[in-house]
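What follows is the residue order along each chain.
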Amino acid sequence: MKGHELVPPVSEMMMFKLCEVFSESIPMTVIQVTNILASEELDLVVVGALFTSAVFVAEGVSYMTYMKDINEESRRKQSLFYGFIPLSGIKLVVVKWSMYLLSFCQLLGKSLEMAILIELGGKTLAIQVMVAETAFFFVYKLVRRDFRYWLRFSNVYSLIFSFFARVVLKIVTGMR
Amino acid sequence: MLSMREIRITHPFFETMIFGVLIGHEREVEDQHASKLETLTAEDGGDFGASYLLFLSSAATEEGAFGSWVAKYPALGEFSRKYSFFKPLMLSIGKSIRHTTTWQKVILSVASGLMSMSDVATDVYTVAYFNITGKTEVARLMLTFLLLSLAMQLIAVYCVHYKSKRQILIEMLGTLTFAKPAFNKFRVLTNAKVCVELF
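Chains A and B supply the protein sequences, listed in that same order. Mapping to our numbering: the first sequence position 52 is 52, numbers consecutive. If you want our numbering, it's the position in the second sequence, counting the first as 1, plus 1000.
Treat the hints with care, since some could be wrong.
For lysine-lysine, the following PhoX-like pairs were computed, each having C-alpha atoms within a straight-line distance of at most 25 Å [what the hints assert, rightly or not]:
id : chain 1 : residue 1 : chain 2 : residue 2
1  : A       : K96       : B       : K1095
2  : A       : K91       : B       : K1087
3  : B       : K1163     : A       : K77
4  : A       : K141      : A       : K77
To be clear, the hints were calculated from the coordinates, so they are not data collected in a lab. These numbers come from a predicted model, not from an experiment.
Turn these sequences into a full structure, and let the hints steer you where they fit.
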C-alpha cells in the first residue's frame, strides 16, 4: 500500500467485485433470463451478454472466495470454514474450476427460479419470495447472535451497516 | 548450526538451487533425483530451483508451492527438517517472486479489464436491443442497475482513497472508463502482502 488507501489492494478489489456483482451482474442476469425466456425471437448478442454476465459473476465470486480461503489469517482464525481449497497441484485446479462451474450454474438456476416466479405470480411473488428468504436469513443470524457486523461503528451506524452488509452478502452468496 | 558458507560446502546443491530460483527460469524437471540429502549434486540444485519456480507459478500460495516441492523431492524435505531457516527463506523468496512485475501479470490484468469492458458493452447492447424492440421498461431497469453499479463503485473509490484527492481523480477516471478491474488485478498480483481485512 502507498499509505493513503483505507484498505489493502485485495480488499479494494473485493469491494469493487462485490459492488459490480450485487448491483449489476446479478440483476442484469435475472432480467435477461426472464426476458429471453419470454421472447419469441432470440438475438445472439443478447444471449452472449447473458452468458458474459453469468461468467463475470462466477469469476468474481469464485475469486473472492478463493482469495479469502488461501489467506493465512482466514485459515488460522476461521479454520472451521476456510482451508478447503488445496494450495497446489491438480486438486487446486479441479477445485477452482468446480467453483467457477458451481457459481455459474447456481446463478443461472436462481435466475430461472426468478423467471418462473415472475411467470407464475408476477414481480410481486418474486419479490415476496426474496424478502421471505432474506427475513429467514436474518432470523437465523439473530438466533445465532451473529447479526452485527464486526467493523467498529457506533450502535446505530453499526446496525445500519450490518443490515446492508448482510443483505448484499445474502443476495450475492444466495444467487451464485 | 552451520554457517551459510559451511552449508554451501557441505551441500553443493544449495548454492545452485538458490541461483536457479533467483535468476533461473521455470521448467519441467525430471523426478530422477537422489532421495538422500548427502548425495545431491550442484546439478540437482539447478533443477530444484527451476522446479520451485514452476510450483510457484501454479500454486495458490508460496506455502502450497513449498509443500508440493518438498513432497516431490524427499531430499529437500530432509534438508528442511535439518535446517529450520530453509522453509522461511524459501517462503520469503517465493513471496517476492510471486509479486514481481512481469509481462504475464500485465497481460492478466489487461484481460481482466477487457472482460469487465466486454461485460458492460454487451449490457449496453442489450439495453439498446430491449429499447428498440419496445421493451422500454426493461431497458430502463437495466440502465438503472448499470448506473447504480457505477455509482456504488465511485462511492467505493471515494471511501478507499479519500485521503488523496489526486488518487481519487485517477481512480474515478479508471472506474468511469471501466479500466479499474485491470488496475485492481495488477495491484493484487504485484502487492507483497495478501491480507483480507474488510470481509
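These are the hints, each one checked on the structure:
no.	hint	in the structure
1	A:K96 - B:K1095	holds, 21 Å
2	A:K91 - B:K1087	holds, 23 Å
3	B:K1163 - A:K77	violated, 31 Å
4	A:K141 - A:K77	holds, 20 Å
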